[in-house]
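Visitor: In order, the protein sequences belong to chains A and B. Residue numbering for the first sequence is 1 to 419, as defined by this note's numbering. Residue numbering for the second sequence is 1 to 788, as defined by this note's numbering.
Hints listed in this document are in silico derivations from the structure and should not be mistaken for laboratory results. Glycine included, every Cβ here is placed at the ideal spot set by N, Cα and C. Be careful, since some hints might not be right.
Pair ranges (Cβ atoms, derived) [claimed, not checked]:
hint, chain 1, residue 1, chain 2, residue 2, range
1, B, E561, A, S280, 52 to 58 Å
2, B, L740, A, D204, 55 to 61 Å
3, B, D452, A, N291, 35 to 41 Å
4, A, T246, B, D589, 29 to 35 Å
5, B, Q652, A, L333, 55 to 61 Å
6, B, L740, A, N291, 46 to 52 Å
7, A, T322, B, L740, 43 to 49 Å
8, B, M735, A, T322, 32 to 38 Å
9, A, H136, B, E760, 48 to 54 Å
10, A, A78, B, D452, 30 to 36 Å
11, B, E756, A, A84, 55 to 61 Å
12, A, H136, B, D589, 49 to 55 Å
With a Cα cut of at most 27 Å, we get these calculated DSS-like pairs of lysine-lysine [unchecked claim]:
hint, chain 1, residue 1, chain 2, residue 2
13, B, K364, B, K375
14, A, K292, B, K567
15, B, K750, A, K292
16, B, K751, A, K313
17, B, K567, B, K542
18, B, K315, A, K292
19, A, K190, B, K532
20, A, K190, B, K751
21, A, K190, B, K505
22, A, K313, B, K750
23, A, K190, B, K364
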Amino acid sequence: MDVENGEGQVQVHLKTKQEHYAVPDVPYAIDGTVATVELNTFVNALLQQKDGAVVDFDFLVFDEYLRGRLCDHLREKAISFEDAIEIEYVERFPAPEPQDCLLHDDWVSAVKASGKWILSGCYDNTLNIWTNKGKHILTIPGHTAPIKAVDWISLDEEKGRFVSTSQDQTAMLWQWNVAANSVECVSVCKGHERGVDSVSVSPDGQRFATGSWDTMLKVWSAELEDSAEGTSKRMKESGVRTPKMTLQGHRESISAVQWMDASTLLTGSWDHTLKVWDLSLEGIKTEISTNKSIFDASYSKLNRLILTASADKNLRLYDARTNQGSVVRNTYLGHNAWVQTVMWSTTEEFLFVSGAYDNQNKLWDCRSPKAPLYDLLGHGEKVLDIDWSNPNYIISGGADNSVRIFKSRKAVSDDVEIK
Amino acid sequence: MTKKLTLKRKGKEPEPTNEVAASSEASDNEEEEDLLQAVKDPGEDSTDDEGIDQEYQSDSNDEVEFESDEEGNYLGRKQAGGSSAEDDEESDDEEEEEEEDDDDDSEEEENEDTPSTSKPIPADDKPSSSSSAANKSTTNELPKRDPSKPEYQDSDTSDEEDIRNTVGNIPMHWYDEYKHIGYDWDAKKIVKPQQGDRIDEFLRKIEDPDFWRSVKDPLTGQEVRLTDEDIALIKRITKGRISNEEHDEYAPWIEWFTSEVEKMPIKNVPDHKRSFLPSVSEKKRVSRMVHALKMGWMKTTEEVEREKQAKRGPKFYMLWETDTSREHMRRIHDPVSAPKRDLPGHAESYNPPPEYLFDAKETKEWLKLKDEPHKRKLHFMPQKFKSLREVPAYSRYLRERFLRCLDLYLCPRAKRVKLNIDAEYLIPKLPSPRDLQPFPTVESLVYRGHTDLVRSVSVEPKGEYLVSGSDDKTVKIWEIATGRCIRTIETDEVVRCVAWCPNPKLSIIAVATGNRLLLVNPKVGDKVLVKKTDDLLAEAPKQDVIESERIKVAVQWSTAEADEQEKGVRVVITHFKPIRQVTWHGRGDYLATVMPEGANRSALIHQLSKRRSQIPFSKSKGLIQCVLFHPVKPCFFVATQHNIRIYDLVKQELVKKLLTNSKWISGMSIHPKGDNLLVSTYDKKMLWFDLDLSTKPYQTMRLHRNAVRSVAFHLRYPLFASGSDDQAVIVSHGMVYNDLLQNPLIVPLKKLQTHEKRDEFGVLDVTWHPVQPWVFSTGADCTIRLYT
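Sequences and hints are given; from them, build the entire structure.
Guide: Rendered as C-alpha cells:
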C-alpha cells in the first residue's frame with residue numbers, strides 16, 4: 001500500500017551505455033517518490049568524480065523518459081513495484097542556446113544548412129546565403145514567386161550547388177562560387193503546374209526530387225549538365241530542364257519529400273498519406289494512411305522511422321517497414337498549434353526538432369512523448385521551416401522574417417574532442 | 001338458587017367452598033350476625049342490589065356477571081351496600097324483609113330460569129328436581145321424607161308441583177302495591193302476610209330461635225322454616241359433596257366387564273371359512289372403488305376431509321396486493337375518476353393578503369361585469385374578515401354544490417387513454433460525434449490583415465488559396481497553409497461578395513463591389529491557367545445578339561481600365577444598383593448577381609463567354625435576398641425574404657416554391673448532389689429542405705442564439721457549417737443517403753466560437769475548403785479563421 005502511494009522502496013538497477021559513467025551493477029533500493037533530480041544526485045554521488053564535476057543525467061525507465069515521480073511513471077506503465085526495475089541513465093542532452101538571429105525582408109519559408117553556410121529561401125522571392133556566424137553573404141534573386149524549399153546538392157571549399165523551389169512552379173539549380181561570391185543559375189526546372197512545395201536531393205547528389213501542389217512528384221537530374229535524352233537543344237541552351245521522372249499517385253499537394261536511400265523516396269501529402277516510392281520501379285512501395293493532412297515528414301537513417309507533422313498539434317511517429325498493428329508508433333504532444341516542420345537529428349538516434357505555428361521550436365527525444373526536452377523560443381511568429389542538417393546548429397525560419405540559430409552544445413563539445 | 005349456584009360452581013370452579021366462604025364473610029361483615037353462612041349467603045347474592053326492581057329482569061345476567069366477574073368487584077359492591085345498611089337500622093330491617101322477599105323471588109326465579117339460562121344443566125336434572133321437591137317440602141307442611149323410601153316414590157314428575165299461587169312466572173313486585181300476592185287454585189286472593197317493620201323483625205330475630213332457618217316464600221309471602229334435612233342438604237351442596245346422604249363415595253369398585261384381554265377364545269367352534277377367505281363381492285366392490293379412485297370419480301376420505309377442511313377453514317383475502325392484480329379484483333374495472341376541483345387560492349381566504357383584495361379599479365371592473373359574471377376573473381370579491389367566526393354564510397353554496405353535482409353527472413365516462421411515452425424514446429438515435437470524424441474541431445489559423453469587417457470569403461477550387469472581400473474596400477488573396485496574404489486588390493467601394501470561379505480551368509474571382517462586378521484574375525496557381533484566363537478575358541467576343549434596352553440600362557460590360565488591369569481586374573460589369581451577392585454556376589461560365597434594390601431587375605444572370613446578361617424575371621416577387629445555381633440541373637434558386645422559388649432555366653418556368661415560414665432569409669447552400677437545400681434565416685433558424693420530399697422544411701435547426709448569416713455544404717464530406725451573429729460557427733454532420741427512402745441524417749457536431757463580437761455582428765460568412773474538412777469563417781472582427 002505504501003508503495004502504491006509512492007512511499008515505499010523500489011529496487012532498481014542502474015545501467016548506462018556510456019562506459020565512463022558506469023556504476024557498479026548492484027540493486028539499489030530507492031524511494032518510489034524520487035524524481036529525476038534526486039536520481040541525478042544519487043548517481044553523481046555514486047560516480048564520485050574526481051574533479052567534483054556534476055553531470056546531468058536523464059533516466060530511461062522502460063524506454064521512456066522519466067518525467068515526474070518514479071512511482072507515477074511505473075503506475076502509468078502498469079509495472080509491478082515488486083520487480084527490480086532497470087533504469088538506464090544517459091547524459092542529458094545539453095540545452096541548445098540561441099546564438100543568432102538572421103533578419104530577412106520577408107517571411108523565411110525555407111532554411112538549409114551545410115557546413116558553415118546557411119541557405120534560406122524567402123517570401124520576397126530571394127535566396128540568401130549566410131554563414132553560421134550570422135554574416136550575410138549573398139542575396140540571390142531569380143524566382144518570381146515565394147521560395148518554398150531549398151536544399152544543398154554539394155558544397156566544397158570553392159563551389160557550392162543548391163536547388164530552390166518556388167511557387168512560380170519552378171525549381172532552380174544554382175551554382176555558387178564561394179571565393180568569388182557569385183552565383184549563377186545553372187538551370188530552371190520547369191514541369192510542375194503549380195507551386196513546388198518541397199525538394200530533396202538524393203544522397204549521392206545526382207538527382208533531386210520535388211513535390212508540388214499539382215500532386216506530382218518529379219525527379220530531376222542534379223548534374224550540371226543534364227544528360228537526359230529528348231531534351232531539345234534550345235531548352236538546353238536556355239537552361240531549362242525537364243524532369244527525369246514524373247510520379248503520379250497523390251491526390252493532393254505533396255508537402256514533403258525525402259530520399260530514404262539512393263532509390264527510395266518518401267513523400268507526405270495533403271491527401272493524408274505517406275508514400276514510399278521505389279524509383280527503380282517507378283512506383284509506390286508502401287503507403288501509410290493517416291487521418292490528417294501531412295505538412296512535413298522526416299525519415300531518420302539512424303532508426304528508420306518516419307516523423308510527420310500534420311494539420312494538428314501532434315507529431316506522429318510511423319514505421320514504414322511494418323503494416324501490422326497500430327500504424328502510429330507514438331504521438332508527441334506539446335505544440336499548441338499546427339506543427340509545420342519536423343526534422344530528425346542526423347547524428348543522435350533519438351532526437352528530433354520541430355517547428356510550429358505557435359512560434360516555438362521544440363527539441364524532442366522520441367522516447368519522451370509527453371514532453372519535449374527543450375523549447376527553443378525566439379520566434380515571434382509562425383515557424384515555417386527548421387533544419388538540423390548541421391549537427392551543431394538548429395536553424396529555423398519563420399514568419400517573423402528571421403532565421404534563428406540555436407547552438408547545440410553537446411555536438412560542439414564532441415567536435416572539440418575530435419579536434 | 002343456592003343449589004344452582006353451588007352446582008355451577010361445582011362445574012366451573014375448582015374450589016367453590018373458598019369463594020362461598022369469602023362471600024359469606026363479606027355478608028357477615030354486613031349483617032353483623034352470626035347467621036349460618038350457608039343459608040344467609042344465597043340471600044345476600046341478590047339483595048346486594050338496592051335497585052332490585054330495575055335489576056330484576058336482568059338478574060340472571062347479574063348471576064352471569066357474578067360468575068364471570070372478579071371477586072374484588074363483587075366484594076366492592078357489597079361493601080357499598082353494607083355501608084348504607086349500617087347507617088340506617090330501620091331501613092336495614094325493612095330491607096331485610098325485602099331481602100327475604102327477594103330471596104324467595106330470586107330463588108323461584110332461579111328455578112324457573114334454570115332451563116333457559118343455564119344450558120349445561122338439563123331441565124329435568126335430578127338434583128334440580130330433587131331440590132324443587134325439597135323446596136316444596138319445605139314450603140309445605142314440611143313432610144318428613146322417609147330416608148328408607150325411594151326419593152320419588154310418590155311421584156316422579158316435577159311438573160305436578162305444588163302450585164299455590166297461580167299468577168305464574170311474573171315479577172312478584174307487581175303485587176307490591178296490593179294487599180294480596182296472587183291467586184290460589186280457587187281464584188281467591190292470597191293475602192300477603194302481615195308485614196312487620198324493622199323493629200318487629202328485630203324482635204323476631206331475638207325472640208325466635210328458628211329465625212335463622214326461616215325463609216320467605218316469594219310466591220306466597222309466607223315464612224318457611226327450613227328443616228334440619230334441608231339445612232344438611234344445603235350444607236352438603238355448599239361443601240361440594242353429593243347431595244344424597246346415603247351415597248357412598250368410597251364403595252368398593254365392582255368390575256362388571258373385565259378390562260383384561262382374553263387370550264383364549266371363549267367359544268369352542270372354529271371360525272367359518274369365509275371369515276378368512278376374501279369375499280368375492282367385497283373384492284369386486286373394492287376393485288370398483290379402486291378404479292373410481294384411480295379415475296378420480298371418487299375421493300378418499302382424506303381428500304374429502306381435506307377439501308372440507310379447506311372449505312370450512314378460514315379463508316384469507318389479500319388486503320394489500322400488487323397494483324397489477326388489484327385491478328382484476330376490483331369489481332369496477334376502469335373507474336372514471338371524479339373531475340378534480342380547483343384548489344382554493346389565496347383570494348378565497350377569509351383573510352387574504354392585501355394584494356389579493358380588490359382595489360377601487362378592480363372592484364369597479366368586477367361590478368361592471370354584473371351582467372356577464374362568467375367574464376369575471378373571480379366569481380367573488382375577496383374579502384377580509386377579522387376572524388373566521390365573522391365569515392357570513394356563503395350564498396353560492398347551494399349553487400356550487402349543484403354545479404359540482406352537474407360536473408360529476410356530466411363528467412365524460414369515456415376512458416381517457418394516457419400515453420406514456422418516454423421522452424428519451426422520441427429523441428432520434430444519433431451517432432456519437434466521435435464516429436463522424438473528420439470534422440473541424442479547433443481553430444488553427446487566423447488570417448489577419450483586413451481593417452474592417454470581412455463580408456465574404458471564397459476558396460480556390462484546388463484549395464491552395466483563399467480570397468476575401470472586406471468593408472475596407474479591399475480584396476485579399478491568402479495562402480491557406482501559411483496564412484500569408486499574397487495579394488491585396490483595392491477597389492473603390494465596399495466589397496460585398498467575392499466568389500472564386502469553380503471551374504479549375506479558369507482563374508477568375510468575381511468581386512461585387514458597389515455597383516460594379518469585377519472579374520479579377522488573382523494570378524496565383526497555375527501560370528498557364530492564369531495566362532489562358534487573361535487571354536480569354538482580354539478581348540470581348542463579338543456581340544451577335546442585340547440586347548434589349550431593359551438589359552442595357554441595367555448592365556454594362558466593359559474591359560477594365562489600365563490601372564485596374566494592373567491589379568488584376570480584367571472585366572467590369574457595371575450594374576445600375578449596388579450588388580449584394582454574386583454566385584457562379586458550377587461550370588464557371590454563368591454567374592448571377594443580386595441587387596436587392598433592383599425591383600424586377602434585381603437578379604441578373606451573366607454569361608462570361610459571350611459577355612451577355614439576362615434578366616430572368618420580368619416581375620418582382622419580393623425582395624430578392626440571394627440566388628443560387630443548381631449544381632447539376634439547369635435550375636435557379638431565388639430566395640426572397642420569406643420564400644424560395646426554384647425556376648427551370650431551360651423551360652423558363654417556376655418549378656417549385658419552398659415555404660420557409662421564416663421572416664427573413666439570409667443565405668442558402670445546396671448539397672453537392674442537388675437534392676437538399678440549406679437555408680439560413682435571420683430569425684436564428686436553419687432550414688433543411690429535402691427538395692424531393694416537400695416544399696416544407698425537412699428539419700428546422702435552432703442551433704444559434706442569434707441571426708444565422710451563412711450556411712455552407714462541404715463538397716466532399718457530409719458536413720455543413722453555419723455562421724451566426726452569436727460569433728459561433730456550428731459544424732454539423734449532414735449525411736444524404738443515396739437510398740431515397742432514408743432521410744438525411746443531421747447531427748450537430750461542434751460549436752466553434754472564437755470570433756470576437758463587434759457591432760452586434762459575429763460571423764458573416766462561412767465556407768468550406770474544397771478538399772479538406774476545414775471550414776473558413778469571416779467575422780466582423782476583421783479576421784478570417786480556419787478551423788480544422
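Visitor: Evaluate each hint against the coordinates.
Guide: The hints, checked one at a time:
{"no.": "1", "hint": "B:E561 - A:S280: 52 to 58 Å", "in the structure": "holds, 57 Å"}
{"no.": "2", "hint": "B:L740 - A:D204: 55 to 61 Å", "in the structure": "holds, 60 Å"}
{"no.": "3", "hint": "B:D452 - A:N291: 35 to 41 Å", "in the structure": "holds, 37 Å"}
{"no.": "4", "hint": "A:T246 - B:D589: 29 to 35 Å", "in the structure": "holds, 31 Å"}
{"no.": "5", "hint": "B:Q652 - A:L333: 55 to 61 Å", "in the structure": "holds, 59 Å"}
{"no.": "6", "hint": "B:L740 - A:N291: 46 to 52 Å", "in the structure": "violated, 31 Å"}
{"no.": "7", "hint": "A:T322 - B:L740: 43 to 49 Å", "in the structure": "holds, 44 Å"}
{"no.": "8", "hint": "B:M735 - A:T322: 32 to 38 Å", "in the structure": "holds, 34 Å"}
{"no.": "9", "hint": "A:H136 - B:E760: 48 to 54 Å", "in the structure": "holds, 51 Å"}
{"no.": "10", "hint": "A:A78 - B:D452: 30 to 36 Å", "in the structure": "violated, 57 Å"}
{"no.": "11", "hint": "B:E756 - A:A84: 55 to 61 Å", "in the structure": "holds, 58 Å"}
{"no.": "12", "hint": "A:H136 - B:D589: 49 to 55 Å", "in the structure": "holds, 51 Å"}
{"no.": "13", "hint": "B:K364 - B:K375", "in the structure": "holds, 14 Å"}
{"no.": "14", "hint": "A:K292 - B:K567", "in the structure": "violated, 36 Å"}
{"no.": "15", "hint": "B:K750 - A:K292", "in the structure": "holds, 18 Å"}
{"no.": "16", "hint": "B:K751 - A:K313", "in the structure": "holds, 19 Å"}
{"no.": "17", "hint": "B:K567 - B:K542", "in the structure": "holds, 26 Å"}
{"no.": "18", "hint": "B:K315 - A:K292", "in the structure": "violated, 79 Å"}
{"no.": "19", "hint": "A:K190 - B:K532", "in the structure": "holds, 18 Å"}
{"no.": "20", "hint": "A:K190 - B:K751", "in the structure": "violated, 45 Å"}
{"no.": "21", "hint": "A:K190 - B:K505", "in the structure": "holds, 20 Å"}
{"no.": "22", "hint": "A:K313 - B:K750", "in the structure": "holds, 18 Å"}
{"no.": "23", "hint": "A:K190 - B:K364", "in the structure": "violated, 97 Å"}
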